[in-house]
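> Here is how the chains run, residue by residue.
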Amino acid sequence: MSASFHSVPDQTPLDNWVAAKPDTGLQLVDQHRRPELEYPKVALSNLCLSYRTQSGERLLALDHINLQVRAGEFVCIVGPSGCGKSTLLHLIAGLQPPASGLVVVDGKLVHGPGTDRILIFQDHGLFPWLTVGQNVEFGMKMKGVPRAERQEKTRHYLKLVHLAKFENSYIHQLSGGMRQRVAIARALATEPDVLLMDEPFAALDAQTRDLLHDELERIWNDTGRTILFVTHNVREAVRLADRVVLLTFRPGRIKNEFPIDLPRPRHIEDLAVARTSRAILDELREEINRSLEAEYQVGMKPRIEPGVSA
Amino acid sequence: MKRAARYIIFYSALFGLWTLLAELKIWPPYLFPTPWGVGQALRAGFADHSYWIAIRVSMARVLLGYGISVVLGMILGLGVASNKFLEETMGGLLVSLQSLPSICWWPLALLWFGLSQNAILFVVIMGSLLSVTLAMEDGRKQMPKIFSQAGRNLGASGFKLFWYVLLPASLPFIVTGLKQGWAFAWRSLISAEMLYLSLGLGQVLMMGRDLNDMSAVIAVMLLIIALGYLVDGVIFKGMERHLHNKWGLTPAI
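First to last, the protein sequences are chains Y and B. Mapped onto our numbering, the consecutive letters of the first sequence carry residue numbers 943 to 1252. Mapped onto our numbering, the consecutive letters of the second sequence carry residue numbers 767 to 1019.
Simulated from the structure, these hints should not be mistaken for lab results. Each hint should be verified, as a subset may be incorrect.
What the hints assert, rightly or not - What follows is a list of derived Cβ distance ranges for each label pair:
# : chain 1 : residue 1 : chain 2 : residue 2 : range
1 : Y       : 1221      : B       : 911       : 31 to 39 angstroms
2 : B       : 998       : Y       : 1145      : 35 to 43 angstroms
3 : B       : 874       : Y       : 995       : 17 to 25 angstroms
4 : B       : 911       : Y       : 1225      : 31 to 39 angstroms
5 : B       : 830       : Y       : 1110      : 54 to 62 angstroms
6 : Y       : 994       : B       : 776       : 57 to 65 angstroms
7 : B       : 929       : Y       : 1002      : 57 to 65 angstroms
Said to hold, decoys possible - Restricting the straight-line Cα-Cα distance to at most 27 angstroms, the calculated cross-link-like pairs of lysine-lysine (DSS-like) are:
#  : chain 1 : residue 1 : chain 2 : residue 2
8  : B       : 1012      : Y       : 1050
9  : Y       : 1085      : B       : 926
10 : B       : 907       : B       : 945
11 : B       : 945       : Y       : 1101
12 : Y       : 1083      : Y       : 1101
A quick note: this is a predicted structure, and the numbers were derived from the prediction, not measured. C-beta: ideal position from N, C-alpha, C; glycine also.
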């Protein structure tokens, strides 16, 4: 696969992608056979990243990641903490260059940040010096969208996340769940093709999180965006995703992929969600144990016994 | 209410002590004037417009000098904060230069610019530039990384990133430094004006000495304190309060 991937020149139009497809050996999970959806929106090819620790060691964070995401697909990436899953999103967002390998979005090589891919951070990254409305407007303002259009869209997206009344509030006046909704509205307002979500709901209480799952699913349905969602919570991943990708602990490699074809809408407490989660969790558990072993000293190795949910 | 009462008690005691000492005539009135004498001097100074002119000239000078310092200091501070080489080399130099009282630049300024407005401006800039630079450097480092990441992610780069993200994001961290820079600029200005006799508050102050008019000297000193406090206590305090409200931080003091 890699040969043709590496030969994809910069700024390749989608048509060339189609031509290049036969020898890419793409493994597509799409069962609906909609041809327009068969070519990857996001393609990661042999993506590697390493960094130097404080003691001067070279640490391989991501090891030859190959992943294709269809347009409109909802992919969740799970793995133990420290597996490089957040880093992976930063690479796709173009906030950080990979050590080697390619990030291709819409057939174009990613060189740096672009508003076709917006990252939503775990701690939201909203600007506290701006109002909610100004935050949502920000990306459009950078793009040079005229003021009137900006304001109209801001109101539209705030309505979409049920925050229309808070347009003139400041960020610190909102609850954690509301802040994440503003972050989602801010991301959507730049009209990206791809939403990259980095454990966006990890710091929220369970009730708020359940609500936001429903809202995210609705927004995804309404807007048809491609979503890459990183989480350490397998239940959350199964609740949301079309496909769950499991990463190994240090270096991050793709250990397995699980297509989730449970009917929607789903709920995190559904039996089917729980059952599917269990299968994934069994594989994840090994990696969690490896991460715990790395964290604790040798000699005191706590293990997560089967049957304990993460 | 309690606080207001404390203020009233303290200042009336101070005033009373001053009046008492002056009325006892331990020292001759031309060395130790009464509060009324100072009040009269103030009134006279404003009546013949000389204080108004002095205030206007001094304010114009300090605003220009401080403004240049802020712009230069922010650029320098950002540069030092984002470049490891500059940080290691220039960072140390900036800190050591800060130990130099700004009026020490006066002889150098005289030789470079002659006895002119530019020499005053130079001293004012040198007085406040370092505090602003160091504050900006520190602010840039303290600023959470997520803001610049989010800004770049949303399509801001280059000047737009600086203007719409880095600058507002670092403001709460640099406002103290900006305030300190202002205080240094103000002090440097008055010192320089006392040495270069051409309008301004420093000049009126020295004129009081030349005329042996202690009431006028104290009147101008009070004026300098009042103006310095006005900017510090009203403008900067207001700015800090505004930032704290927006960011939802607990106000410092």
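> Any hints this thing doesn't respect? Which numbers, in order?
Of the numbered hints, 3, 5, 7, 8, 11 do not hold.
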